[in-house]
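J.: Sequence:
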Amino acid sequence: MRKLKIWCLGATLTMAVTFAQAQILIGQTAGFSGPVAAGVKETTDGAKLYFDAINAKGGVGGQKIELISLDDQFDPKQAAENGRILVEERQVLSLFLTRGTPHTQALFPLLDKTGVPLVGPSTGAMVMHTPVQKTLFNVRATYQREAESLASFLTALGPASVGIVHADDSFGRDALEGAMAGFTKAGYPPSVIVPADRSKPNFDEIIPALLKAKVQSVLWFGSGTSVSSGVKALREANSVAQVATLSNNASSGFIKGLGEFGRGVIVSQVYPGVRNADYPMVNEARKLAKVKGIELSPAMLEGYAAAKVLVEGLRRAGANPSRGGLVKALETMRPYDLGGLIVDYSSTDHTGLNYSDYSIIGPSGKFRR
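Residue numbers for the sequence shown, in mature numbering (1 follows the signal peptide of the UniProt record, and there is no 0): -22 to -1, 1 to 347.
It should be emphasised that the hints constitute simulated quantities derived from the structure, not laboratory data. Among the hints, a few may not be true.
Stated by the list, open to error - Label pairs and their computed distance ranges (CB to CB):
1. LYS42 <-> GLY136: 54 to 64 Å
2. GLU273 <-> PRO87: 35 to 45 Å
3. GLN51 <-> MET104: 24 to 34 Å
4. PRO87 <-> GLY136: 40 to 50 Å
5. GLU238 <-> SER324: 41 to 51 Å
6. GLU238 <-> LYS55: 29 to 39 Å
7. GLU59 <-> ASP175: 17 to 27 Å
8. LYS42 <-> GLY318: 24 to 34 Å
9. ASN216 <-> ARG312: 45 to 55 Å
10. THR92 <-> GLY136: 49 to 59 Å
11. MET104 <-> ARG312: 14 to 24 Å
12. TYR166 <-> GLY318: 34 to 44 Å
Said to hold, decoys possible - Here are the simulated EDC-like pairs of lysine to aspartate or glutamate, each with C-alpha atoms no more than 16 Å apart in a straight line:
13. LYS112 <-> ASP327
14. LYS210 <-> GLU183
15. LYS19 <-> ASP49
What you are looking at is a predicted structure, and each value in this text was computed from that prediction instead of being measured. We put the CB at the ideal spot given by N, CA and C, even for glycine.
Please work from the sequences and hints to get the whole structure.
T.: Shown next, in the form of structure tokens:
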């Protein structure tokens, strides 16, 4: 009888270990501290909205999704190390919702070496799209498209003095290229182009350069804290120039950082407005957010959309999905309706979505279309 009891206990332990191993592990490295922390928290909260809803229904194929998030402090070297830990030590099935262009680029060697998929990097840099990274799947439009569109918008009424401030890294230079395409189409160049240190922009040099050029508007490409600090410095120098920035700053945290200087700042968007009832995905996300007692933001919607894409890929990959199987499954999403937004992947195109629009921060501190 004692042997029987011991065998039963061993069987129970074995079953428990097997069950624990059966959960779907997803890895994330992003700047949960540092200059992009507010936006990272919001995109991650949006992803968790959907993951929690799926897990409440039993998960995918009976397996629940566990998101393992590591803070890289918005440092590319730490992002690479976090990726190694997640893939080689934690054995995650997929990487997910990274943040930053050089930070995601730092993971490319790991993706090539291991074949692990990366779904929904929170960056619109062209290097994520061309050439096609075999295991990377984007769920948003490119920065170049956004920047070109903003440049066209600011010059639509004819010649104007427009300045550009861009982070002097792969992200900023990529956005600059898109903006220059817009100026070329308009038929005249920007009045001044000012590169800025990614983490510590020198406003004592940036602001005088903009004032000297007598800019009427500024395209500012940088992290949330650098842009919000730049807007404050510009206003304190008595400039009323219109400021426009990219969707990497489409978070309520960015608005909070701007404080009293937020009104009138233009922010491009790569998802519909959070109050746009024409999109079923937006309605779905709003209902889930309401249940949790939180307010949906554009950044949260990005995380939510990325989570929907990942979950659909997992469903298509079948029981006990492998990394390679998930990659193949994602490439079958042609097309796939997220809820009014169509994702379209193939073996030669991993862009996913091309939606782009504008918003402006209103007097109430909310994004308005």
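J.: Hints broken by the structure, by number, lowest first?
T.: Hints that this structure does not satisfy do not exist here, as all of them hold.
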